[in-house]
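With chain Z's structure known, arrange chains G, D and Y on it following the hints.
Below, each chain spelled out in residue letters.
Number of protein chains: 4
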Amino acid sequence: MKEMKTIAVVGGDLRQMYLAQAFVQSGYTVYAVGFDEGVEPPEGIIMSDRADIALSLCDAAIFPLPMTLDGKTVNMPLSKHTLDLDDCAKQLPPASLVFGGRIDENTQAIFERTGHPIEDYFRREEFAVHNAQATAEGAVEIILRELPTTIYQRRILVTGFGRISKALVRILTAMGAKVTVAARKYGDLAWAEIWGCQGVHLSNLAECIGEQDVVVNTVPAVVLPRQMLSRLSSSCLLVDLASKPGGVDFETAKQLGLKTIWALSLPGKAAPVTAGEIVKNTIVNMIAERRERDGKN
Amino acid sequence: MKEMKTIAVVGGDLRQMYLAQAFVQSGYTVYAVGFDEGVEPPEGIIMSDRADIALSLCDAAIFPLPMTLDGKTVNMPLSKHTLDLDDCAKQLPPASLVFGGRIDENTQAIFERTGHPIEDYFRREEFAVHNAQATAEGAVEIILRELPTTIYQRRILVTGFGRISKALVRILTAMGAKVTVAARKYGDLAWAEIWGCQGVHLSNLAECIGEQDVVVNTVPAVVLPRQMLSRLSSSCLLVDLASKPGGVDFETAKQLGLKTIWALSLPGKAAPVTAGEIVKNTIVNMIAERRERDGKN
Amino acid sequence: MKEMKTIAVVGGDLRQMYLAQAFVQSGYTVYAVGFDEGVEPPEGIIMSDRADIALSLCDAAIFPLPMTLDGKTVNMPLSKHTLDLDDCAKQLPPASLVFGGRIDENTQAIFERTGHPIEDYFRREEFAVHNAQATAEGAVEIILRELPTTIYQRRILVTGFGRISKALVRILTAMGAKVTVAARKYGDLAWAEIWGCQGVHLSNLAECIGEQDVVVNTVPAVVLPRQMLSRLSSSCLLVDLASKPGGVDFETAKQLGLKTIWALSLPGKAAPVTAGEIVKNTIVNMIAERRERDGKN
Amino acid sequence: MKEMKTIAVVGGDLRQMYLAQAFVQSGYTVYAVGFDEGVEPPEGIIMSDRADIALSLCDAAIFPLPMTLDGKTVNMPLSKHTLDLDDCAKQLPPASLVFGGRIDENTQAIFERTGHPIEDYFRREEFAVHNAQATAEGAVEIILRELPTTIYQRRILVTGFGRISKALVRILTAMGAKVTVAARKYGDLAWAEIWGCQGVHLSNLAECIGEQDVVVNTVPAVVLPRQMLSRLSSSCLLVDLASKPGGVDFETAKQLGLKTIWALSLPGKAAPVTAGEIVKNTIVNMIAERRERDGKN
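Chains as they are written, first to last, in the working numbering: chain Z, 1 to 297; chain G, 1 to 297; chain D, 1 to 297; chain Y, 1 to 297.
Honestly, I wouldn't trust all of these hints.
No copy is singled out in the list; a pair is fine if it fits within one copy or between any two copies.
What the hints assert, rightly or not - Calculated cross-link-like contacts (lysine to any residue; reagent style SDA-like; alpha-carbon spacing at most 25 Å):
id, residue 1, residue 2
1, 5, 201
2, 185, 281
3, 178, 198
4, 244, 43
5, 80, 102
6, 269, 93
Hints listed in this document are in silico derivations from the structure and should not be mistaken for laboratory results.
These numbers were taken from a predicted model, which means no experiment stands behind them.
Bound-form chain Z, shown alone (with noise of 0.2 Å):
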């Protein structure tokens, strides 16, 4: 495989341009197309109007997370622009790879027919790992602003124990919270314990929700509905970090005035010069994994 030296950075919001300059700082040059729409460009990036011009430059070009949102034409809110997908794959050069986030099926036959390989970053367990993380500190930011309390000696229960939930107790832990975590898996219970939390299955939620002063929910299905949310106090946080449809139920929530804040897409929001370091490091994992592939071929 040829060297990569050359990057084309294609669409997307902040995230991609923190991205752009991330490859800068390790030694590429780097083309930025779509970004004619007041954003400031970091020192060494190349912006470029001319995509058909970056592309057919580019060892690898990267689109955007989500790749597109009608599924023809690149994901591009910083521009007034529209670039077609057809287009991209046809004026890229023929060794030239490309790496998207949430890559739908439409969008993967259009470079596959063009002869690219095309790989998702977003379904990298290093991307979702970092994402945890990020997200996790995000969460900590909203908890500390939001409470009249430390964290320190607070009640905190935490439901789900996927990745977000496990880099989020061990800050919780070290900063001295009593964290309870609840889930369904008991092997997610013994992590748990082992981290200094107390585990707790869903089935027994009801026995131990009541006394806490922060609820963070990460599981993306309503396992806080009204018979769980009563039994909380009026003064108890609600932080919900799970995806659409969210863990709780915020009608009842907002009846029973329970303050609640659903969070999303915090990495992007809280630490946008990371989010963009994350697709930057997973792409070069991708590229060294591919590496080494072809090498053994």
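For chains G, D and Y alone, coordinates are given in the frame of chain Z:
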């Protein structure tokens, strides 16, 4: 010693109100004096306009931090009235205990004249330690809010290794920051290393400053003069937690374009409820120690 | 489902005896069968010579790990008698549950023929997780015993990042070791870094091996062949926790004068009481899940 | 001040030999005196029978801990010879520095008479702190070896909260023990709580003792008399780390059948190489401070 049942909370800001609330939650009868200007009292506190009556009924009177600003009257920012320390002393029953913060000699003398035991909670070690933890959380909130990155993997320099630093580095290292502690005592550097930081003697600070993303100062002396500040990247965040005069050359920091936040009195601002609880718990310890002393005599 | 009250613990080593004790402490009536050779039974266990009677009285029968060595009789190293699995199945009451470790197909079939629900605690995730924690402590004990230095500030390489590694690095980093994790999955490396280690892809191991004071292997495949071992200092300690064939080229290690310890079955050796409790707690979870399933039907 | 290049290590046990080795590894020329009885010297150390020559060549002489047992001769357990402190003082070049451990007044006077700066590394805070960490690891090794259970989830009482306790509870809490710290100062209890333990005032110890699996004492005074010990379960392990007279009533413990281990001088026993390095690093700091002081004059 008589059992403590009735408390008068006299003067101070919202922190005193939360202190009153904490005593109510522990089963005490609590009179609050000096909160006539726009304070919504928490449930269970007896708000009183008549200091003389409240004081005459109490087993202990708790004054704010600082207890007085002019040496004569109670520090009472949430009241339109004034209250002489002299009058307070006269109205207290003979056996009443008196607690205050940063008590000056004159005030001390006033209450000693009337035979009232007076003690300063501000000089208690557990008060200082718990306040340090609350300050550390406040500092973490500031860093999370200001950084466009995660704390994870950031290089953070902490100058000084008193209580606040000790509390702070526990949180920062758990979040995955690469923390360097600069201090003057080799014993402090030993602890810093045991707790997962790099230790640097303050006399070698010049050699290791420069690549940090955040610098947190806790030393109340200018340990970060121009020759140090000028080595930092312009994107470095400075957080000064030291009381006046602070440890940063603010004028130079401004010239160099360094974002600088001088954060004082964080517990009262970031966690007022906890700030009140800390005073309350300290006073409970002071009463227990007094009882133990009395029991031995 | 009937409530569990009476348990028969059949065969196995001391770990089973501690399991029996753990059930006694939780209020169960416990018969122990197959411990006639020199075992001092803990208080409260009913030692029985008559397997047929004990089995006929029990709500659940618990067999050892592994359940059988020959596919026909119970694994019963502390008894001079033998006990056929077939006979056990026939003597159990119809509703009795059966639990065993590493159950083979044939054994499974024997109990299914008599209509007894049979489940394997060895395949449970919480069993594996808690055993990993016990294994990690055993490994720490070995390292502390063998090293003429503290673990603090030592460079330790851990190969693999399964459950045991995860449990181990939490302890080692808290003790102040500089831990490097070598693993193949980028997601694992991400977690290793979040938890305070350096992460190295196994394909780059050659570049980072050499300066370590300790190497702990957890991968059951030879990840440490001659070209890796020969880079290590002769004072480096090797601890192999992987089941056969292990991950170290033991012959080469010996030639190179490297001290190598191949430690298998650590929970049973280093913490037999805990090993028994882990099986007991796992079975309690399995009974609870069965009850929940039955409750829904 | 002249640069330090040549060191004489005089007397002491194996720890001094490792100290000599540590100086060799840092590039010093090292003479070792007083190791004629069966010591296999590490590579690079110049073993000398002639104390007079070795001393006359050195920039600094390092004596053991304690420096002398009889007040006249060097503490030299690994030699068949004796060496007078007086003679040492006379043979040293005028500018040589002298370092020793637990220097008594008489010894101090001997070297001051010949004009040699003499300093005690045993009184240095960083020496005490690093030794505390090594002691804590030694205590963990004892607990792991003696307990038939994991440390994880065990209830451990630690009496006292000096340096050793601080180092110990960091490890024990990371291993998942439920640690209670009993101390007399409320400030210490505050730190114990911040660091994840339960804090109990020593005057309330009777109320919380009883259910522990392990008790570790660090207070050199009998804080665990009969009325405390008799509340413990007979399976409780007692580890006393306090110097004489220890903090456990050993006679009573024996009568009660409590397994008790009185572990003294753990760093030298459990981690002799590290014990030597700690002395070496402390002396390097002392030389640096002396240089800084001299530079200012």
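Evaluated hints:
1. 5 - 201: Result: close only across copies, 23 Å inter versus 51 Å intra.
2. 185 - 281: between (31 Å within a copy, 14 Å between copies)
3. 178 - 198: Classified as both; 8 Å inside a copy, 12 Å across copies.
4. 244 - 43: neither (37 Å within a copy, 38 Å between copies)
5. 80 - 102: Only inside one copy: residue 80 and residue 102 sit 23 Å apart there, 62 Å across copies, limit 25 Å.
6. 269 - 93: The answer is neither: 34 Å in one copy and 58 Å across copies each exceed 25 Å.
In summary, the structure is inconsistent with hints 4 and 6 from the numbered list given earlier, while agreeing with the others.
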